[in-house]
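Novice: Spelled out from the first residue to the last, the chains are:
Number of protein chains: 4
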Amino acid sequence: MVKVKIVGAGGYGGVGITELLLGHPQAKINALVDVENPGTPISKLYPHLAGFCDMMVIDPADPKANEPVDVVFFSTPDGVGMKLAENELKKGAKVVDYSGDFRFNNAQSYADYAKRIGKTDAHASPALLPQSVYGLAELHRKELNTNTKVVGNPGCFAVSCILGLSPAVKNDLIEITSIICDCKTGVSGAGKKPAPTFHYPARYDHMNAYKLSGHQHVFEIERELGLMSGKDIKVTFTSQVVPVCRGIMSTLYGTLKNKKTEAEVLALYKEFYKNDKFVRVFESTAPVGSPHVRGTNFCNLVVSVDERTNRLRIVSYIDNLVKGQAGSALQNMNLICGLPENMGLERPGMFP
Amino acid sequence: MVKVKIVGAGGYGGVGITELLLGHPQAKINALVDVENPGTPISKLYPHLAGFCDMMVIDPADPKANEPVDVVFFSTPDGVGMKLAENELKKGAKVVDYSGDFRFNNAQSYADYAKRIGKTDAHASPALLPQSVYGLAELHRKELNTNTKVVGNPGCFAVSCILGLSPAVKNDLIEITSIICDCKTGVSGAGKKPAPTFHYPARYDHMNAYKLSGHQHVFEIERELGLMSGKDIKVTFTSQVVPVCRGIMSTLYGTLKNKKTEAEVLALYKEFYKNDKFVRVFESTAPVGSPHVRGTNFCNLVVSVDERTNRLRIVSYIDNLVKGQAGSALQNMNLICGLPENMGLERPGMFP
Amino acid sequence: MVKVKIVGAGGYGGVGITELLLGHPQAKINALVDVENPGTPISKLYPHLAGFCDMMVIDPADPKANEPVDVVFFSTPDGVGMKLAENELKKGAKVVDYSGDFRFNNAQSYADYAKRIGKTDAHASPALLPQSVYGLAELHRKELNTNTKVVGNPGCFAVSCILGLSPAVKNDLIEITSIICDCKTGVSGAGKKPAPTFHYPARYDHMNAYKLSGHQHVFEIERELGLMSGKDIKVTFTSQVVPVCRGIMSTLYGTLKNKKTEAEVLALYKEFYKNDKFVRVFESTAPVGSPHVRGTNFCNLVVSVDERTNRLRIVSYIDNLVKGQAGSALQNMNLICGLPENMGLERPGMFP
Amino acid sequence: MVKVKIVGAGGYGGVGITELLLGHPQAKINALVDVENPGTPISKLYPHLAGFCDMMVIDPADPKANEPVDVVFFSTPDGVGMKLAENELKKGAKVVDYSGDFRFNNAQSYADYAKRIGKTDAHASPALLPQSVYGLAELHRKELNTNTKVVGNPGCFAVSCILGLSPAVKNDLIEITSIICDCKTGVSGAGKKPAPTFHYPARYDHMNAYKLSGHQHVFEIERELGLMSGKDIKVTFTSQVVPVCRGIMSTLYGTLKNKKTEAEVLALYKEFYKNDKFVRVFESTAPVGSPHVRGTNFCNLVVSVDERTNRLRIVSYIDNLVKGQAGSALQNMNLICGLPENMGLERPGMFP
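Protein chains in written order, with my numbering: chain H, 93 to 444; chain F, 93 to 444; chain Y, 93 to 444; chain R, 93 to 444.
Take the hints with a grain of salt, since some may be wrong.
Intra- or inter-copy, both count: the list cannot distinguish identical chains.
Pairs of lysine-lysine residues, derived as DSS-like cross-links and limited to a Cα-Cα distance of at most 25 Å, are as follows [claimed, not checked]:
no.: 1; residue 1: Lys326; residue 2: Lys351
no.: 2; residue 1: Lys303; residue 2: Lys352
no.: 3; residue 1: Lys323; residue 2: Lys351
no.: 4; residue 1: Lys303; residue 2: Lys362
no.: 5; residue 1: Lys323; residue 2: Lys349
no.: 6; residue 1: Lys285; residue 2: Lys303
no.: 7; residue 1: Lys366; residue 2: Lys136
no.: 8; residue 1: Lys285; residue 2: Lys136
no.: 9; residue 1: Lys303; residue 2: Lys284
no.: 10; residue 1: Lys352; residue 2: Lys326
Simulated from the structure, these hints should not be mistaken for laboratory data.
Generate the whole structure from the sequences, applying the supplied hints.
Specialist: Written out as structure tokens, the structure reads:
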């Protein structure tokens, strides 16, 4: 039994991993920790959990919050996990952090990221960076093993873009200066904190682009694709929000170096993901949409070649809260705990 | 292992029971039958099932569709199950029918219903009526046993109303002429067939009352409450549709015969449902809403007494496609197959 | 030209009256006043107004905010208008207040209301109460004339209920102890301030009842119906919110004193509203829904008699932000300024 | 007074122009024609029009449908207008056609389009093509004059893309082989006919790309941009649908030929549209979204330069049913009838 602690348990990232762990046969939640709402049962914050998980949310200072566990999930903003991880590791835990704190496994790369998101401070635990692993199992499965101590769980947009572009980059199909990521997210990606732009009357028939000057997820996309290609890669990235609750649809473009038919590219994509349970590859005529991954850990990729313009186009669908967050986190936990990768994640979702 | 056949597999009722059966440890789907889309994999109709259930939907004439099974779910309109049930019973199956065909266990009661919904024909299998059981486990658990052959699965609105009113009627709390059921349903209650009134642009910011002259579910509410009270009961019933996908919120009113405090009524409701896993009773200040039952087999009841007008008011929440349809159907299957009542149904749903 | 000042200009009530006044041929906005966002153009808060109204929102202390005008709209919470109205009257303005401050034209009635909503203080300007008029033109058109100085603009739920019930109460059709108002509102009724319960991900597939212990609008319903009938009336009132942006659907019930057919009641309703441009009366089979009044000042009433239970049922639809707020306010302004009642209000809305 | 006939009056395009004409001071609807629902008042099909327009929808064979008028709007599918236009012209009318029939003013260009959309037949009235004008006033205002007889009203996606890209193409800012149009539409773009993919339960939390092999609007984008640049232009175009009712958000990409700052490009865009009432240009940090153009004839353009990748990015917002259809049609009518271009179109919309 894997004993688990969730820090930041009251947010969408926290409740997401809680829901998944409740259906996991080899995990047990030891503590739900949050600076907000300590003393409140999680099932009061999330009444659908009543009878399934009625544990109290506790303060970080609570003794129970400091008991040793096997895995700690930090569902916390940038800057939290990096300060607390070391102490957890000392107590024998492994750490899966949802923020950007451990997504870059060297100090320079982290510093570039930190600067870009407006953080000038150095990393609080630079010694941990070289041992941290970017938690996208499809690319880093070998490094995500029982020796792994720290996982930087990937950003939701990044998951959709990296999975969509990796086969093309790895196979050197596209001009690396030509990559565009046009990404649309559901509103849950913004978390549970109310804000004017996510107020129902202001959002219900509303789509818009935002952060046009730069989204924080672009750096891990560039870093992962760069590592893969051995070259410096810069992408144009557009973040947009549309009135769905759950889901990301990223439409990814790149100019083909050499003419390829859709069938050829499709074959390469299927080959690339042939051992990846959670990635499904479709031809361009398949009727794929975000509901087909809603509530699941799947990434659905639609492959299309625009022969008129010699351009590759991939449409990548995930549930931002599952494959884009808690699902990947659990997939990572399984791997670093030596459990079957898909344990507790094989569920088809619900329709409609 | 319970071998199951689903007739009408391509509709929302069919895919709902399929989703649930995929997570049920003691059931196995033997055939998915439908007159529409035979030859199409169910996972093409419902792509979220890809990799979980890729069985072909087959025509009723297909030999595979006629293999003996243990349980047949008829997720079909009024008039279908009554014609096909007998043959299934002869082959040794038990039948759970989603329509009104078996909700009335005597010919007169059925005839009243049939007339009201505009059907003048007599029941096609009147001999089966006396042995059919109204499939609301909370009221008819004893009759839903391994000897039961035919279950009339209840209507979605009826589930919400009957569960909400039973403790009051059983305890003789309210004037039986005073009952009003003000019911709001999500759009999925109308099934998967497109229609102008459910077209997204026409429905997205739209709420309305419909069938003001009478909804078919009112008869089973009156019959069940009547049987319980030993009196003839007539209720005013208003069906309304609001732009949610899943969920029913029924607000139920009755004049109290004698003054009662909310605490007294609450205690009676909790006592009434103390052995019912899937009914949760709340006080009037509890923040309960339809998402708390979405995707689950729960019915959440909020008890309120308006002391100024001496009126009882119950707000009853269910997921119309689960407790209001496939979930109750599976609960019934469990009971009539001698399995634990909640097998395959204990899931908390997902939020947001 | 009527010179107008809007206090509380930055909220939904403020922008609603601003939108209407921009299309009104005899009105001119002199000042937009708000304690929040002073110094910001209204078209920055509401970018759809760019080029139509780019006036600055100004602080109440701004000299411009204190210039004399003809009409002041107080789109402010309870307790604000009552303190500021007198000063405006002295400067020669008339006042239309959106809150409960002037909906009760005697001190005792106001005190009952104030106590119920948890305000213990006495009215700040009791001398104004006897001259205030409840601003529902369909009932109080005669009192809303050029001599009127103070109007208490009605609550949104109250508009829908009072218009729906008045013909029945006036014609003594129903038992006055039997009245139930089952009301559903769109989310914009809560205003523009974000809150957890109106956060898009938490609201999008969510319906719920709230304030079961008593909503503030119930008192004006009881008062208006009481004045009309000459009797003390108490109603059971249920407020519910569903995921639409704009719209109220109130389903109103009352037991008929004497048998009436739907046709008879329909005739009475049509007669009652024969001179009311903004009330449309429909038979029970008419396909009426909230979009048919969205963006308009209309109230659509569907008349239904449940002969099986001898109960009258009226379904009343309004746009909560127009007929339920700014539209009624403008209708009142027209009347007290001697303008045609429907000036600036005759627009059909937009579909879909 | 301009006498108008609307053919295809029962669809969203028909009701859209009807709504606008009702508020137009110089137009009068003479006939509403449709092959569906003849004999039904338009206000029965669209109840929000009750009291504003209760005209009967009439069959094309009805004598009233054949009375001479000044302007005929064909809100009909491809292939209808081209057959009926000539007869209308003979009777003295001008024609504004919503389909692709008159968007290409030479036979070869039309033939290329027709072939691509799967129509092999030649144009039914090739003689009319040279005199037809592409009805985007911002580009073709001079040709849209009182001598103009036939207008090909533009496609909704095309409006958003052409307005967004024209200043860049005209000023030779971008590599013409680098253009990508990533377009998202609301569901009303599909018209009023119900279909499984627009059924509320299947659409409400659903976004997807479609027609990846080619959307019909791409040809007019390429033709208009090609005419402007004097070169053959091919674009990659992605059509996507998201669960909003009204709105298009097109994100447009092109590689800059020479380095430009956002400020420089912004200045060029503002200059380009300085005389265009209905185009508003914003910097990249402005909080612009689809609600700001909803219900209006505006196009909001957000200008952004990604200096890291040397790429221009324009986000273009319109209401697909107004500027993308009926609004442009009315703007065209105004121009070809010698009326002020913005007559009947100056409305700010409504929020929320």
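Novice: State for each hint whether it applies.
Specialist: To see whether the hints hold, each was checked on the structure:
Taking identical chains as interchangeable, the C-alpha atoms of Lys326 and Lys351 lie at most 25 Å apart whether they share a chain (23 Å) or sit on different chains (16 Å). In this homomeric assembly, Lys303 and Lys352 come within 25 Å of each other (Cα to Cα) only across copies, at 20 Å, whereas the closest approach inside a single copy is 34 Å. Taking the shortest alpha-carbon separations for Lys323 and Lys351, both the intra-copy value of 22 Å and the inter-copy value of 23 Å come in at or below 25 Å. For a Cα distance limit of 25 Å, the shortest separation of Lys303 from Lys362 across copies, 22 Å, qualifies, whereas the shortest one inside one copy, 33 Å, does not.
For a Cα distance limit of 25 Å, the shortest separation of Lys323 from Lys349 qualifies both inside one copy, at 16 Å, and across copies, at 23 Å. In this homomeric assembly, Lys285 and Lys303 come within 25 Å of each other (Cα to Cα) both inside a single copy, at 18 Å, and across copies, at 23 Å. When the C-alpha separation of Lys366 and Lys136 is checked against a cutoff of 25 Å, the pair qualifies only between copies, where the shortest distance is 21 Å, while the shortest distance within a copy is 42 Å. Taking identical chains as interchangeable, the C-alpha atoms of Lys285 and Lys136 lie at most 25 Å apart whether they share a chain (17 Å) or sit on different chains (23 Å).
For a Cα distance limit of 25 Å, the shortest separation of Lys303 from Lys284 qualifies both inside one copy, at 19 Å, and across copies, at 23 Å. In this assembly of identical chains, Lys352 and Lys326 lie within 25 Å of each other by CA distance both inside one copy and across copies; the values are 23 Å within and 18 Å between.
Of the numbered hints given earlier, the model fails none.
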